[in-house]
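Enquirer: I would like the entire structure built from these sequences, with the hints used as guidance.
If you want the building blocks of each chain, they are given just below.
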Amino acid sequence: MAEYSPIIPREAIERSFAKLGPKQYTLWVDIEHCIGCNACSIACKAENNTPVGVDYNRVIEIEEGDFRDASKTPNVGVTFVPMPCMHCGQPACQAACPVGAITKRKEDGIVLINKDKCIGCRYCAWACPYGAPQFNAEAKIMEKCTLCVHRTDKGLVPACVTTCPAKVRFFGELNELTMVMREKRAKGVSISVGGADTKPSVQYTSK
Amino acid sequence: MNSLIELGLQVPVRLDSTLCSRFRSTKSECAACAVVCPAPGAVRLGDGAGNNGAEINAACVACGACVSACPNGAIRLLEDDQRVAERIAQKVHSGETFRFACNRAKGRAEMVLPCLSRLTEALVLEPIRRGAQQVELRAPDCSGCGLRKTAQQWERTLVFSQALCESAGLGAARISSVQVQVGNAEEIRLPARGPSSRRRLFGSIAERWKASGDAPLETEAGEEAEPEPFREIVKRHSENSKRTDLLRVLDALPGLKVTPKEVVTVGLPLAQLEVDSRCVGCNVCETLCPTGALTHREEGGNYALDFDAAHCTGCRVCELACYHQALHLRETVDLSLLFQRSRVTLISARLANCQACGERILGTASTFCPTCQVKASGDRRDSVARLFFSGGN
Numbered sequence: 272m273a274e275y276s277p278i279i280p281r282e283a284i285e286r287s288f289a290k291l292g293p294k295q296y297t298l299w300v301d302i303e304h305c306i307g308c309n310a311c312s313i314a315c316k317a318e319n320n321t322p323v324g325v326d327y328n329r330v331i332e333i334e335e336g337d338f339r340d341a342s343k344t345p346n347v348g349v350t351f352v353p354m355p356c357m358h359c360g361q362p363a364c365q366a367a368c369p370v371g372a373i374t375k376r377k378e379d380g381i382v383l384i385n386k387d388k389c390i391g392c393r394y395c396a397w398a399c400p401y402g403a404p405q406f407n408a409e410a411k412i413m414e415k416c417t418l419c420v421h422r423t424d425k426g427l428v429p430a431c432v433t434t435c436p437a438k439v440r441f442f443g444e445l446n447e448l449t450m451v452m453r454e455k456r457a458k459g460v461s462i463s464v465g466g467a468d469t470k471p472s473v474q475y476t477s478k
Numbered sequence: 006m007n008s009l010i011e012l013g014l015q016v017p018v019r020l021d022s023t024l025c026s027r028f029r030s031t032k033s034e035c036a037a038c039a040v041v042c043p044a045p046g047a048v049r050l051g052d053g054a055g056n057n058g059a060e061i062n063a064a065c066v067a068c069g070a071c072v073s074a075c076p077n078g079a080i081r082l083l084e085d086d087q088r089v090a091e092r093i094a095q096k097v098h099s100g101e102t103f104r105f106a107c108n109r110a111k112g113r114a115e116m117v118l119p120c121l122s123r124l125t126e127a128l129v130l131e132p133i134r135r136g137a138q139q140v141e142l143r144a145p146d147c148s149g150c151g152l153r154k155t156a157q158q159w160e161r162t163l164v165f166s167q168a169l170c171e172s173a174g175l176g177a178a179r180i181s182s183v184q185v186q187v188g189n190a191e192e193i194r195l196p197a198r199g200p201s202s203r204r205r206l207f208g209s210i211a212e213r214w215k216a217s218g219d220a221p222l223e224t225e226a227g228e229e230a231e232p233e234p235f236r237e238i239v240k241r242h243s244e245n246s247k248r249t250d251l252l253r254v255l256d257a258l259p260g261l262k263v264t265p266k267e268v269v270t271v272g273l274p275l276a277q278l279e280v281d282s283r284c285v286g287c288n289v290c291e292t293l294c295p296t297g298a299l300t301h302r303e304e305g306g307n308y309a310l311d312f313d314a315a316h317c318t319g320c321r322v323c324e325l326a327c328y329h330q331a332l333h334l335r336e337t338v339d340l341s342l343l344f345q346r347s348r349v350t351l352i353s354a355r356l357a358n359c360q361a362c363g364e365r366i367l368g369t370a371s372t373f374c375p376t377c378q379v380k381a382s383g384d385r386r387d388s389v390a391r392l393f394f395s396g397g398n
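Quick mapping for you: the protein sequence lines, in order, are chains A and B. The numbering of the first sequence is the working numbering, which starts it at 272 and goes up by one. The numbering of the second sequence is the working numbering, which starts it at 6 and goes up by one.
In short, the hints are calculated from the structure, not lab data. Keep in mind it's a predicted model, so treat the numbers as computed, not measured. There could be a bad hint or two in this list.
Said to hold, decoys possible - Only some residues are given here: those of chain B computed to face chain A with a beta carbon under 8 Å:
1) 30
2) 31
3) 40
4) 43
5) 236
6) 292
7) 385
Claimed, not checked - DEER-style ranges, computed between Cβ atoms:
8) B:119 <-> A:410: 47 to 53 Å
9) B:349 <-> A:449: 39 to 45 Å
10) B:346 <-> A:427: 57 to 63 Å
11) B:361 <-> A:427: 35 to 41 Å
Stated by the list, open to error - EDC-like cross-link-like pairs, simulated, lysine to aspartate or glutamate; straight-line CA separation at most 20 Å:
12) A:411 <-> B:233
13) A:386 <-> A:414
14) A:386 <-> A:318
15) B:240 <-> B:291
16) B:240 <-> A:409
17) A:411 <-> B:364
18) A:386 <-> B:233
19) B:240 <-> B:303
20) A:470 <-> B:387
21) A:425 <-> A:378
22) A:470 <-> A:444
23) A:386 <-> B:237
24) A:411 <-> B:387
For every residue, glycine included, the Cβ atom is placed at its ideal position computed from N, Cα and C.
Expert: What follows is the structure, given as structure tokens:
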């Protein structure tokens with residue numbers, strides 16, 4: 272278990288001027304059916320043209336079970352967890368940014384980094400429990416998943432969602448997504464990282 | 006003559022945003038200008054997101070209180086401090102009392118101002134520098150005045166000037182305030198210098214126009230160019246002309262005998278900083294410092310942060326911005342700092358490489374860089390993804 276203790280005080284996150292708008296666009300990732308092909312990561316890199324080492328989306332492999340214990344039947348399994356930006360309700364990155372470069376858009380709840388304001392101090396990367404903000408060493412600024420804002424503004428869905436061959440990524444408004452999740456009787460998994468509940472919006476479902 | 010020129014301009018003050026601490030860091034809650042501004046709606050502070058800096062609009066009454074209140078010297082009146090200082094210098098009689106008075110103060114005075122809050126510490130000390138024995142601030146009871154909100158500012162300036170005077174070894178009693186009756190102030194005029202000609206009149210207009218900064222037409226032309234990104238703007242550190250003026254006056258005070266004087270930092274445009282071992286050498290304090298009082302050196306794998314106390318304005322941007330809260334203002338400050346231009350090295354340590362990612366950090370507190378400070382592994386995403394299988398938290 273990760274022992275992550277954010278230095279950003281809780282009150283700072285809570286008053287991080289993120290008045291939640293009526294809508295929160297986000298992703299739903301069905302990790303039960305994710306096959307770990309990394310197509311989303313590749314599509315993201317191609318779409319956003321990110322340099323080496325800057326990954327807006329990364330698929331984490333988690334191995335569980337044990338096969339060395341001779342008394343039990345081996346039950347090992349691998350699960351893949353794609354980790355984009357969580358577009359939190361109360362973003363820790365926004366609370367940490369000393370120059371106000373990070374904003375949460377009122378109309379769709381997307382957390383964005385203003386490239387003109389960002390001074391590349393990496394405070395957001397230090398504050399984010401999910402490791403979303405990435406340092407672009409070429410431009411000396413921070414970047415992160417924008418939910419493909421250039422596509423979603425035009426009415427398209429993010430590149431990772433169109434690409435996913437297993438069709439486990441869904442894009443939509445949070446309330447609508449949770450309704451679909453309920454219909455499909457998918458079991459939601461929520462995580463809150465100790466000490467600071469940043470209200471992550473990205474939904475995961477598993478077995 | 007002044008009013009003739011100001012007619013064409015909308016706002017009688019100029020704001021250099023690069024010096025405004027709110028503009029530089031959204032964490033700054035400085036409201037020095039807004040607190041003293043007597044004109045409702047003249048100062049507009051940013052909302053915390055986007056542009057957080059102060060803006061001054063045409064509702065401004067040009068009382069000068071914000072000029073005096075802004076510790077960073079971000080606000081300038083069109084008639085800047087330098088010109089007022091020149092006017093003071095012309096009127097000082099050596100060994101006598103120099104009287105500043107507000108418009109409503111009954112009696113004669115060497116200099117009558119629309120409001121005493123126009124005075125900065127440098128201007129209050131200017132007559133003493135020019136040889137005056139006493140400086141007197143004459144004001145009636147401010148509670149009946151339309152500009153009463155500014156009263157706190159000139160009182161603060163008075164107290165700070167007295168403290169500075171004491172620290173300079175001249176005694177606080179050289180500067181005093183006198184409460185007078187409400188009436189018309191009468192300024193002692195300088196004897197006229199010969200007949201005035203039309204040529205001289207236009208000459209003086211042109212001179213003042215030049216002194217007021219760039220003409221409005223030129224600024225409009227500049228707006229067409231691509232706006233400079235914020236991250237480039239904050240790399241620049243403009244000169245705090247208010248502090249430079251004060252330091253110049255303090256240096257030239259006759260009979261200067263510096264004596265240490267410890268005072269409480271709160272409310273003073275002055276501070277002494279301390280940095281503890283939590284510093285990772287991220288340089289955010291240096292970047293965001295409005296006046297450039299902090300500078301860092303990197304020599305042969307060694308990192309050092311230098312602090313110039315004479316230029317620090319105690320705006321607390323560095324303290325608020327520091328992620329690790331490694332930087333603190335001391336509770337008391339020694340006023341004699343302003344007389345000595347010493348540079349203090351706040352922290353000096355070897356740079357180390359982060360054990361996980363190899364990033365160069367100040368390894369005084371941890372062997373991992375702040376991004377990698379998650380116990381499970383070097384990757385924060387990995388450790389959070391694992392939380393799914395350990396039942397939430």
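Enquirer: Each hint: holds or not?
Expert: Hint check:
1. 30: At about 5 Å, which falls below the 8 Å cut-off, the nearest Cβ of chain A leaves the hint on residue 30 (chain B) intact, so it holds.
2. 31: holds, 3 Å
3. 40: violated, 21 Å
4. 43: Since the shortest Cβ distance to chain A is 29 Å, the answer is violated.
5. 236: With a minimum Cβ separation of about 5 Å from chain A (threshold 8 Å), the hint on residue 236 (chain B) holds.
6. 292: holds, 6 Å
7. 385: Holds, because the Cβ-Cβ distance from residue 385 (chain B) to chain A comes to roughly 3 Å (cut-off 8 Å).
8. B:119 <-> A:410: 47 to 53 Å: holds, 49 Å
9. B:349 <-> A:449: 39 to 45 Å: Since the Cβ atoms of residue 349 (chain B) and residue 449 (chain A) sit about 56 Å apart, the hinted range of 39 to 45 Å is violated.
10. B:346 <-> A:427: 57 to 63 Å: holds, 60 Å
11. B:361 <-> A:427: 35 to 41 Å: 37 Å Cβ-Cβ, so the 35 to 41 Å window holds.
12. A:411 <-> B:233: Holds. Residue 411 (chain A) to residue 233 (chain B) sits at ~16 Å (cutoff 20 Å).
13. A:386 <-> A:414: holds, 8 Å
14. A:386 <-> A:318: Answer holds: residue 386 (chain A) to residue 318 (chain A) is near 18 Å, not above 20 Å.
15. B:240 <-> B:291: At roughly 9 Å apart (the allowed maximum being 20 Å), residue 291 (chain B) and residue 240 (chain B) satisfy the hint.
16. B:240 <-> A:409: With Cα atoms ~18 Å apart, residue 240 (chain B) and residue 409 (chain A) stay inside 20 Å; holds.
17. A:411 <-> B:364: holds, 14 Å
18. A:386 <-> B:233: holds, 12 Å
19. B:240 <-> B:303: holds, 18 Å
20. A:470 <-> B:387: Measuring from Cα to Cα gives roughly 19 Å; hence the hint holds.
21. A:425 <-> A:378: holds, 14 Å
22. A:470 <-> A:444: OK: residue 470 (chain A) and residue 444 (chain A) at ~15 Å, within 20 Å.
23. A:386 <-> B:237: Given that 20 Å is the threshold and the Cα spacing comes to 11 Å, the pair holds.
24. A:411 <-> B:387: violated, 25 Å
Hints 3, 4, 9, 24 from the list above are not met by this structure, while the remaining hints are.
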